[in-house]
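A.B. asks: For reference, the chains in residue letters:
Number of protein chains: 2
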Amino acid sequence: MPAPPMESSSNQFRPLDHHYLVEYIKATPALCSHFGNKLDDMKIKEVGDGNLNFVFIVVSPSASLVIKQALPYVRSIGESWPMSKERSYFEAEALREQGRLCPAHVPKVYHYDRNMSLIGMRYLEPPHIILRKGLIAGIEYPLLAEHISEFMARTLFFTSLLSLTTTQHKSSVAKFCGNMELCRLTEQVIFSDPYKVSQHNHWTSPYLDRDAEAVREDNILKLEVAELKSRFCERAQALIHGDLHTGSVMVTRDSTQVIDPEFSFYGPMGFDIGAFIGNLFLAYFAQDGHANHGNDRKLYKEWILKTIVETWSLFDKKFTALWDDSNNSSGEAYLPEIYNNGELQLLVKRKYMKDLLHDTLGFAAAKMIRRIVGVAHVEDFESISDAATRARCEGQALHVAKMIMKERRKFEAITGVVSAIKEFHK
Amino acid sequence: MPAPPMESSSNQFRPLDHHYLVEYIKATPALCSHFGNKLDDMKIKEVGDGNLNFVFIVVSPSASLVIKQALPYVRSIGESWPMSKERSYFEAEALREQGRLCPAHVPKVYHYDRNMSLIGMRYLEPPHIILRKGLIAGIEYPLLAEHISEFMARTLFFTSLLSLTTTQHKSSVAKFCGNMELCRLTEQVIFSDPYKVSQHNHWTSPYLDRDAEAVREDNILKLEVAELKSRFCERAQALIHGDLHTGSVMVTRDSTQVIDPEFSFYGPMGFDIGAFIGNLFLAYFAQDGHANHGNDRKLYKEWILKTIVETWSLFDKKFTALWDDSNNSSGEAYLPEIYNNGELQLLVKRKYMKDLLHDTLGFAAAKMIRRIVGVAHVEDFESISDAATRARCEGQALHVAKMIMKERRKFEAITGVVSAIKEFHK
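So the sequence lines, in the order shown, correspond to chains A and B. Heads up, the first sequence is in the numbering used here, so the first residue is 1 and it goes up one at a time. Heads up, the second sequence is in the numbering used here, so the first residue is 1 and it goes up one at a time.
Keep in mind that the hints were calculated from the coordinates and are not lab data.
Any copy will do: because identical chains look the same in the list, a pair fits if it lies in one copy or spans two.
Subject to a maximum C-alpha distance of 27 Å in a straight line, what follows is the list of computed DSS-like cross-link-like pairs (lysine-lysine):
#, residue 1, residue 2
1, Lys196, Lys354
2, Lys196, Lys351
3, Lys402, Lys301
4, Lys349, Lys196
None of the values given here were measured: they were computed from a predicted structure.
Let's have the full structure, built from the sequences with the hints guiding it.
C.D. replies: See the structure below:
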């Protein structure tokens, strides 16, 4: 029986299954033509290992793509935890905007259907793997810092007031305010739950019982996390990815692709940079748990620290280069008629980048803490089977994260942070 | 001829004149009934002395009201400077919200017509005068600090994340992003024009030529004003009035009424408090120009400084009292389960209020500077007819404003600022 004709814009929402997915593709010209209208040999695999969505890989002899569908609830929990499927709209909008600004590092969107909360996009074919898995396996990615700094510099710069007029900026801010439900999830799991008794929290018990308690009793830490939460909720600095950890990046030796921006909204830049760097720190502290007789991971730990330094340094370089080149842009934060001499421009940029480094460190620390004593942990640690070893790795990461959050304003450069960590780890 | 029936929601925009205003009132039930349907003895006076709008006072033997209409351009300049009449929508929304939160100090709205950009509201009958005129005349208002601090504490607290959920907050932020044109006017005249060569700028020449130039050449000042502009553009902290100078407040000895919130949007709280305090500082520095043999204004200057101190101190007291009382509110910035001990609550509040004081001082200084070397000056100085005297007053205010903007983070309390000014003025 032929599939009924479908207008992708008039579909009512319906969760996908294999059978309906085939029908849907056949009825959607943008997807059909992607496969050269040869739809008979399509192979479909559901691979959504995340908590929230369906993800289907569709491969034919001539082409491939991914179909991602948001469900109106948290998939791993079920309909008892509802969550707006409109997040798919913000993901599609962010993918398109980030793809426009940095096409080399964002999968192309072929099709978006708002009613179906469905995005058709490039399939990141093997050997692409999730960066987090590569870091656990001890694989070096020589271009990672270069690529991710390019992504961050371009997407953050061009959506900030360094590049936009305040009119453009306020319009976009208003639009992405609609993604509030996903923002609220972040607020809860990153800025709130780890600092209070919550049924969602867990940690490697009994080893870290006292550490988890210490987080909940640390007045200075709570003072700092309040400031970070306030920035997250109130500061519309740029269109951020909103969930830029190492699970949202797919890599090969030569390719770096940023996926899953469903948490995107106008927030503080440092939240993205901090998410990435914070997760590299977690990967670093997990290495001792992955060491064995054949590989002590010492060199790999050095590589991770080098990648952290390079990520920030290259970001700093690229971001300020975009700024230097922007004299004819429409950005309204620093009008050329006012910021009209070299000394002043240097002063302004130095202050901007130093404030951004401090934000980055603060958010990096918040991301680390929540992965150790909050609801959602990371495979970097979870894959360490010996609990005592895992707890030792996590405890070190937690200790350093608390130090970074409290002392972040004292660091003048990323190298100082890495030195402090090396010193601590001796 | 009887007026044709009008549905207030279906009117097309048409600028008011006396004749049409009468027709409009007759056709609008909410306005008719305000006058007890006795419309024959209405007296109408147009009093819009501002730059932007029509303002009609309508008085009958039984009742009175004000009709304010926004025009789609800047009234004082003409159609060559277009400006969205939708500002009237945001003014009406803000008047209603502020009126709900602080009815004692906000004129009641009787009627709003979006198509006509028209607000019908309470007429603030004599002896109400614009506060700025009272300050020029040297009149003491013993309840001013008490009242204005009440207005600021309540409107700012209850529209911030100390009282709102992030869902409520983001919805309101999105709505008020629509008032971007008015925000842009502020950005230009306060944070940009004074720091560059602009045809709009003027000052008491030739006396202040060198001072105006010095503002344009002061790298440190420009670094600071960039940070303040960034906060104004990016930080959605609370629903602010957006133009809370002494010309937006009407007073008698017993009454304080805040009017004209057409610049309202979600911005930094310190912008409102700073606008008010900055304009009191301007009034203070203008007093020497109003002194004469009969009145040296010395006591009045003391009263102004006392009022500044009390405004901040009472604001601080009322705002933190609302915070103390809010344990059962829906505010999500500081969840009680996290901020769960007295010492921590004290720490958090102290930090919040200190940051707010520093923002307040920064914005106060920006407001002062722009009134001396920018496009729009204040009657406090303009009414000093002797140019040399005026320039001396303005020069002192400018000097102190620059100091405050640069040194604001060093002040622990408002009393320190006032002491510094007294010291300078010796």
